[in-house]
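Peer 1: Sequence:
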Amino acid sequence: MTVRVRFAPSPTGYLHVGGARSALFNWLFARKMGGKFLLRIEDTDQTRYNESALHDLIRDLKWLGLDWDEGPEIGGPHVPYYQSRRLELYKRHSDLLLSKGAAYRCFCTSERLDELRRRQEEQKLPPGYDRHCRDMDVTESDRRAAAGEHHVVRLKAPMSGRTVFRDLVRGDIEYQNHVLDDLVLLKTDGFPTYHLANVVDDHEMEITHVLRGDEWIPSTPRHVLLYEAFGWEPPVFCHLPVILAPGGGKLSKRKGAASVGDYREKGILPHALFNFLALLGWSPGDEREKMTQQELVDSFSLERIMPKSAAFDETKLEWLNGQYLIESSVEALLPEVRRMLEERGLGADVAARPEMLERHVRLLKDRSKRIAELVDTGLYFWRDPDSYDEKAVAKHWQPQTPDLLRRLLPDLETVAWDAASLESLYRSKVETEGIKFAELIHPTRLAVSGLPFGPGLFELLEALDRHTVVARIQTALGRLGG
RNA sequence: GCCCCCAUCGUCUAGAGGCCUAGGACAGCGGGUUUUCAGUCCGUCAGCAGGGGUUCGAAUCCCCUUGGGGGUGCCA
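Take the first sequence: its letter number 420 is residue 420 in this note's numbering, and every next letter is one higher.
In case anyone wonders, no lab produced these hints; they're calculated from the structure.
Yeah, the Cβ is synthetic: ideal placement off N, Cα and C, and Gly gets one too.
In silico DSS-like links for lysine-lysine, alpha-carbon gap of 25 Å or less:
| hint | residue 1 | residue 2 |
| --- | --- | --- |
| 1 | 32 | 62 |
| 2 | 250 | 266 |
| 3 | 32 | 308 |
| 4 | 308 | 290 |
| 5 | 395 | 429 |
| 6 | 91 | 187 |
| 7 | 290 | 316 |
| 8 | 62 | 266 |
| 9 | 308 | 250 |
| 10 | 395 | 436 |
| 11 | 391 | 436 |
| 12 | 250 | 316 |
| 13 | 62 | 316 |
| 14 | 156 | 91 |
| 15 | 187 | 100 |
| 16 | 187 | 156 |
| 17 | 290 | 62 |
| 18 | 156 | 100 |
| 19 | 266 | 290 |
| 20 | 316 | 266 |
| 21 | 32 | 290 |
Quick list of simulated restraints, FRET-style, between CB atoms:
| hint | residue 1 | residue 2 | range |
| --- | --- | --- | --- |
| 22 | 110 | 334 | 50 to 60 Å |
| 23 | 95 | 135 | 14 to 24 Å |
| 24 | 55 | 158 | 34 to 44 Å |
| 25 | 471 | 32 | 56 to 66 Å |
| 26 | 148 | 228 | 26 to 36 Å |
| 27 | 471 | 310 | 46 to 56 Å |
| 28 | 330 | 32 | 30 to 40 Å |
| 29 | 126 | 327 | 46 to 56 Å |
| 30 | 109 | 48 | 20 to 30 Å |
| 31 | 292 | 441 | 38 to 48 Å |
| 32 | 441 | 294 | 37 to 47 Å |
| 33 | 55 | 290 | 23 to 33 Å |
| 34 | 146 | 294 | 53 to 63 Å |
Input sequences plus hints: build the corresponding full structure.
Peer 2: Structure below.
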């Protein structure tokens, strides 16, 4: 049997890292098993639908490196892959259950249900629908429906006994049927609820394994009941642990970035995020930390998914990203760096000096953890420093510094402009002045970049041209005193 | 409240009853190195939530407690 899995997001906002991780695990499993990975859009909530969210979702999935075998943009044997365009199918299935007596119409108003919930809460009773319409006479139900009275369709769930299902990461999970109420299948507006649409589609699309977030566990027994009502075999369930914020608790914007797009803006590479996410709640069983997409596919298995929820450790992500940055070629990073520089208003400069872009990236990529960091700590490649790091000034801008630099200036005007020549110039200067290397090195870096850290000084000087270096030293002499 | 799930260093994890004096990675701390470190190398600290069982033997199996998470919608 071919494995068929799906990622079925609701396009209501940005792609959360939790959702991305679910998509990733489904993808890994499909690729590992030689199966199919489908993307299905669950847009059944009219009130929350958001067009741009769908666009962003698809863009972010692709950016992460995921591709689907069936779904939006490419179609497949079960088109359409948008639930909002499959309404008839759900209606037909709802009618089927109705005619079987496995579901019933409920004419209760939302006011009545609100009141009911309020009373249950007040009396500390377990909340849930009281099955008011469950035993309504079918002819009356038909008559009221025919008269156009608003209603929903509910599943007639068993009131005793128990429902057990097997979860691949946790084993058997059991629910007493009496704690499960009669869930809504079809809403007043004729749209299906998640539950109906999801079950019908998973069956129609021949989904074999449902890998989804932990938060769906409580719905699963109801889904199993639905499968039974239809007389269908349920798929294998596998609930993925949730991802928590660094300090514990729900991951949110407040507690650091939460969406794939946010990490892209911070300059995390897609492969690094992919790698990191794969290792959250799953491990290959050995001590590998940095793994290629192919290695992840090859060693992936559902059995090694952890049941425990995992905190999203951004620091470790950045470390991993730094590793990918070191490994990455300069060329591969150029487009993204260019984009970020453009965003910072340096588009014209970048266009005018492509060779500077190459130097910027080459000199900084191995010492940065994120692309945005690489960009922001290298702005001196593009414009004169507008301030000088205070601590560094206090430490390295000594009383004798200005004179030293002034005596260096003429040599800088004439020395051959390459790192090796610059270094020997500095070495000999140190010699003749009878000073320490650091006394010349640090002030130069400070004057030229405004920062106390960065790439090797002589490579940096070489990258900036002679004019710029001399001018910046003169500016610093003016601004820092001397 | 009720239902369900979970529990190894601060964090991600290895661990399938004896290979565990519990291994690795990130972070932290300490040192080396380089002209700088927000780079790099080396070293180091740190954990089986608590209590009962089962067993010759428990991080591993069972029960309870505690703690954390999720669900309890005509949201998904």
